[in-house]
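**Q** Residues per chain are reported as follows:
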Amino acid sequence: MIISGHWYASGSAAQVAAALHIDNDVVEVKTGGDVVLSCHLRDVGVSDRLGNIERKLTFVDIGIFSTQDNAAIDSAFGSLQKSNRCIHFLETHMAAVLVALIFTIAVGFSFFRWGIPWASETVAHALPHKTNELIAAESLDFLDEYWFGESEIDEQRQAKIRDHFRTQLLPLDETNKGINYRLHFRSWDHNDKKIPNAFALPSGDIILTDQFVLLTKNQDEMDSVLLHEIGHVVHRHSLEMVIQSTLVTTIVMLVTGDSSGIADVGLGLGALLVSSHYSRNHESEADVYAFEKMLVAGIDPQAFSLIMGRMDEYMEKTFHAAEVDSGIEVNADSHGGTDDDIGIDTESTAKSDVDANTENGQEENVNVIEKTGNTSDYNDLMNYLSTHPETEARQKKAQQYSECFKQGLTVCDVQ
Amino acid sequence: MKQLTFEGNGSEYFKIWIVNILLITITLGLYYPWAKVRNQRYFYGNSALEGRNFDYHATGKQLFVGYLIAMALFLVYVIVGEIFPLGAPVLLVVLFLAIPWIIWRSVMFNMRMTSFSNVRFGFSGKLGLAYINFLLLPLLFFVSIYVLPIAAAIIVPMYKGSMPAYAGVLIAIAVILSMALAVYFFALMQKRNTSYLINGYRYGQGEFSTELRTGAFAKITLKTFGLSLLTFTVVMMLVGTAVALMGLGGGFTDLAQMGNVENPEELIGELLAGGAVVAVVIGYISMIFVGFFLMAYMQTRQRTYILENTLLDNKIAFISSLKARSLAWIMGSNFLLIILTLGLATPWAKVRVARLMLENTYVDVGDGFDQYVTQKQEEQSSLGEQIGDAFDVDIGVGI
Numbered sequence: 001m002i003i004s005g006h007w008y009a010s011g012s013a014a015q016v017a018a019a020l021h022i023d024n025d026v027v028e029v030k031t032g033g034d035v036v037l038s039c040h041l042r043d044v045g046v047s048d049r050l051g052n053i054e055r056k057l058t059f060v061d062i063g064i065f066s067t068q069d070n071a072a073i074d075s076a077f078g079s080l081q082k083s084n085r086c087i088h089f090l091e092t093h094m095a096a097v098l099v100a101l102i103f104t105i106a107v108g109f110s111f112f113r114w115g116i117p118w119a120s121e122t123v124a125h126a127l128p129h130k131t132n133e134l135i136a137a138e139s140l141d142f143l144d145e146y147w148f149g150e151s152e153i154d155e156q157r158q159a160k161i162r163d164h165f166r167t168q169l170l171p172l173d174e175t176n177k178g179i180n181y182r183l184h185f186r187s188w189d190h191n192d193k194k195i196p197n198a199f200a201l202p203s204g205d206i207i208l209t210d211q212f213v214l215l216t217k218n219q220d221e222m223d224s225v226l227l228h229e230i231g232h233v234v235h236r237h238s239l240e241m242v243i244q245s246t247l248v249t250t251i252v253m254l255v256t257g258d259s260s261g262i263a264d265v266g267l268g269l270g271a272l273l274v275s276s277h278y279s280r281n282h283e284s285e286a287d288v289y290a291f292e293k294m295l296v297a298g299i300d301p302q303a304f305s306l307i308m309g310r311m312d313e314y315m316e317k318t319f320h321a322a323e324v325d326s327g328i329e330v331n332a333d334s335h336g337g338t339d340d341d342i343g344i345d346t347e348s349t350a351k352s353d354v355d356a357n358t359e360n361g362q363e364e365n366v367n368v369i370e371k372t373g374n375t376s377d378y379n380d381l382m383n384y385l386s387t388h389p390e391t392e393a394r395q396k397k398a399q400q401y402s403e404c405f406k407q408g409l410t411v412c413d414v415q
Numbered sequence: 001m002k003q004l005t006f007e008g009n010g011s012e013y014f015k016i017w018i019v020n021i022l023l024i025t026i027t028l029g030l031y032y033p034w035a036k037v038r039n040q041r042y043f044y045g046n047s048a049l050e051g052r053n054f055d056y057h058a059t060g061k062q063l064f065v066g067y068l069i070a071m072a073l074f075l076v077y078v079i080v081g082e083i084f085p086l087g088a089p090v091l092l093v094v095l096f097l098a099i100p101w102i103i104w105r106s107v108m109f110n111m112r113m114t115s116f117s118n119v120r121f122g123f124s125g126k127l128g129l130a131y132i133n134f135l136l137l138p139l140l141f142f143v144s145i146y147v148l149p150i151a152a153a154i155i156v157p158m159y160k161g162s163m164p165a166y167a168g169v170l171i172a173i174a175v176i177l178s179m180a181l182a183v184y185f186f187a188l189m190q191k192r193n194t195s196y197l198i199n200g201y202r203y204g205q206g207e208f209s210t211e212l213r214t215g216a217f218a219k220i221t222l223k224t225f226g227l228s229l230l231t232f233t234v235v236m237m238l239v240g241t242a243v244a245l246m247g248l249g250g251g252f253t254d255l256a257q258m259g260n261v262e263n264p265e266e267l268i269g270e271l272l273a274g275g276a277v278v279a280v281v282i283g284y285i286s287m288i289f290v291g292f293f294l295m296a297y298m299q300t301r302q303r304t305y306i307l308e309n310t311l312l313d314n315k316i317a318f319i320s321s322l323k324a325r326s327l328a329w330i331m332g333s334n335f336l337l338i339i340l341t342l343g344l345a346t347p348w349a350k351v352r353v354a355r356l357m358l359e360n361t362y363v364d365v366g367d368g369f370d371q372y373v374t375q376k377q378e379e380q381s382s383l384g385e386q387i388g389d390a391f392d393v394d395i396g397v398g399i
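Chains A and B are the protein sequences, given in the same order.
According to the numbering used here, the first sequence is numbered sequentially starting from 1.
According to the numbering used here, the second sequence is numbered sequentially starting from 1.
If you're looking for bench data, these hints aren't it; they were derived computationally from the structure.
Among the hints, erroneous ones may be present.
In silico contact screen, one side only, chain A against chain B (beta carbon under 7 Å); selected entries [claimed, not checked]:
1) 4
2) 12
3) 13
4) 16
5) 31
6) 33
7) 50
8) 86
9) 90
10) 100
11) 102
12) 104
13) 133
14) 135
15) 234
Below, computed lysine-lysine pairings styled on DSSO-like, alpha-carbon distance capped at 30 Å [unchecked claim]:
16) A:193 x A:160
17) B:61 x B:315
18) B:2 x B:61
19) B:2 x A:30
20) A:30 x B:126
21) A:193 x A:406
Yeah, the Cβ is synthetic: ideal placement off N, Cα and C, and Gly gets one too.
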């Protein structure tokens with residue numbers, strides 16, 4: 001077999017037309033009529049096939065023979081290049097490429113859908129509780145300085161809530177692994193409007209805002225939210241969020257690492273969608289934790305539904321009024337019912353103002369503000385971007401648990 | 001004058017690219033160094049001048065250790081950022097201090113791993129100069145942007161009601177001075193960075209050389225600035241007109257749909273808000289495309305200037321024939337392609353850029369390349385290059 005190409009002496013740029021003669025296992029390079037060298041097939045270093053770029057045969061310390069005739073090189077040296085043949089097969093067969101494409105998308109999807117949550121849950125629970133205290137350290141001071149004011153709830157009522165929390169709710173968390181739960185009361189105003197909310201820091205510090213305390217009508221409602229917060233702490237959701245966003249950031253970096261910066265825009269949005277999806281799962285998990293504990297403690301899960309509904313109503317009333325006043329902040333959506341946007345606004349303002357801590361999910365909150373709007377695509381998108389499940393869906397689940405409660409069950413099998 | 005050519009094509013590269021991604025995915029990222037090698041080899045191997053090709057010589061194995069260390073550092077950076085948000089800026093400062101070293105090592109590694117017509121490139125720039133060019137000058141640039149405005153913000157309130165009459169003039173002078181300084185340092189930075197890189201490049205025993213003037217870069221910067229003022233004004237006026245028309249039209253359809261208006265105030269509010277949102281969206285998109293054009297303008301002017309002033313061994317010369325509008329067209333259409341295909345068109349985008357760049361580069365080959373010989377070079381680890389990769393440190397002359 002004769003393959004034509006070029007000959008370069010080792011390390012030299014001078015190019016000479018040459019021909020490669022292969023006879024059984026002997027390779028000869030000829031330029032003009034002269035034989036430059038001859039050696040055994042196995043002693044030739046052949047560069048990997050890649051698309052149709054020029055192939056280089058290296059004869060150590062003597063020179064290289066380069067040729068465009070990829071097919072001839074493959075047939076002569078193919079048996080010596082096993083691993084590369086496999087990759088090249090994938091790269092040249094459309095069916096294989098399609099399979100690769102679908103496989104990549106499927107693997108990528110399942111990795112984000114199940115792999116990351118699973119990995120971060122496993123890692124979060126493998127770490128000592130000390131880690132939780134580490135990530136929560138300073139958070140409360142920070143929030144106090146920039147966000148919260150002193151509580152106006154009277155001492156007596158605070159003491160009563162604390163006492164009830166310690167004696168009635170904490171014993172329900174029988175697996176308590178040295179978590180030191182503490183209740184904190186704070187006032188929280190946003191644009192002179194009081195915000196009802198409850199947060200849990202991963203360390204076990206639970207913060208109740210004044211407006212939240214005022215909105216609760218009875219002990220059961222208060223307990224349902226406190227149990228939800230304990231659920232966040234027990235499930236280590238903050239730590240999971242930290243691990244998840246570490247993984248997501250690293251992976252997004254890996255994927256975009258060698259593409260153009262423009263693609264980052266799309267991937268950034270993707271990362272946002274993924275992390276709000278995780279966050280919604282956490283809310284549902286904490287809800288279920290609360291409902292199950294309520295059944296054990298003999299509290300009707302309906303209480304959760306009631307307090308959520310009331311907080312929703314309060315937010316809508318307070319902020320809808322504000323929205324009509326300011327007018328210009330109303331969204332493009334022209335069919336009324338823009339409460340969704342206000343909800344998102346409030347929340348995102350809260351986040352950006354508090355500091356990076358909040359962004360990283362170091363507080364978990366029962367936020368109230370999402371609501372089913374009309375069915376426009378815009379609202380669907382907003383719901384998807386939202387970090388909390390819709391209140392109606394949560395209330396429906398509470399309803400299901402409540403049925404169990406009415407039948408006197410302490411365990412409830414809800415899908 | 002001989003034209004550089006690019007022989008690759010999008011669909012061929014797509015297959016290589018997707019297989020790379022597949023293998024990276026199933027090896028949880030460990031395949032990345034080998035994927036990078038295949039990528040580089042594809043682009044280098046398909047670049048040719050007079051039947052002679054470029055080649056990339058690093059192997060996956062060679063990149064792997066550096067890659068693992070760089071990944072570990074990146075993970076530490078991300079974790080620190082997550083857990084101690086206040087610690088992240090400290091790490092950024094550390095990274096900032098390391099950038100000149102990273103650039104120096106990356107350029108050296110990448111040049112040594114590149115060959116043309118069987119002869120390796122090299123880089124002989126000094127580390128100390130890298131610190132002046134990539135740390136000191138950028139610092140001066142930022143200082144020149146921020147110092148005067150900050151000083152003004154501190155001094156002006158001190159006078160309160162008793163501002164002297166000439167204060168306005170002083171402030172105007174300060175602002176102009178600050179802008180002039182910023183343009184000067186920006187131009188100086190570009191001139192010095194480019195000269196540092198090009199004067200350090202080697203091809204075999206051959207040396208690249210360039211003589212650039214700060215004034216030329218300043219002129220390009222000022223022209224771009226003037227052009228951006230002009231185009232932004234025009235675009236904003238067009239968008240404003242379009243929005244005014246659309247806002248009214250949209251408002252009337254709403255009115256028709258709603259039939260009766262319960263709350264006229266609310267409706268007006270919504271109309272205004274609707275207009276504002278449309279304006280923001282259209283304005284944002286037009287800004288992106290205007291931005292592409294301005295970027296392309298600046299890049300092509302600089303490229304033309306730099307290439308025509310660059311020589312290899314005072315014999316081999318270069319010319320760029322790249323036009324701002326062709327580059328802007330490729331950038332803008334690539335942007336849309338990538339967004340609309342959720343990234344799947346990336347391979348075509350990259351091939352289009354490579355072809356445009358190469359086919360607009362001409363070389364006056366003089367006596368040819370035959371006398372060039374690879375020089376002996378020390379083995380060097382890929383660590384700096386991989387850290388640069390992981391943290392996306394931007395390197396290169398943009399040629």
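**Q** Hint by hint, say whether it matches the structure.
**A** Now for the hints, and whether the structure bears them out:
no. : hint          : in the structure
1   : 4             : violated (13 Å)
2   : 12            : holds (5 Å)
3   : 13            : holds (4 Å)
4   : 16            : violated (9 Å)
5   : 31            : violated (14 Å)
6   : 33            : violated (21 Å)
7   : 50            : holds (5 Å)
8   : 86            : violated (10 Å)
9   : 90            : holds (5 Å)
10  : 100           : holds (4 Å)
11  : 102           : violated (10 Å)
12  : 104           : holds (5 Å)
13  : 133           : violated (12 Å)
14  : 135           : holds (5 Å)
15  : 234           : violated (21 Å)
16  : A:193 x A:160 : holds (26 Å)
17  : B:61 x B:315  : violated (38 Å)
18  : B:2 x B:61    : violated (36 Å)
19  : B:2 x A:30    : holds (29 Å)
20  : A:30 x B:126  : violated (44 Å)
21  : A:193 x A:406 : violated (38 Å)
Figure legend: structure checked against the earlier numbered hints; hints not met, in rising order: 1, 4, 5, 6, 8, 11, 13, 15, 17, 18, 20, 21.
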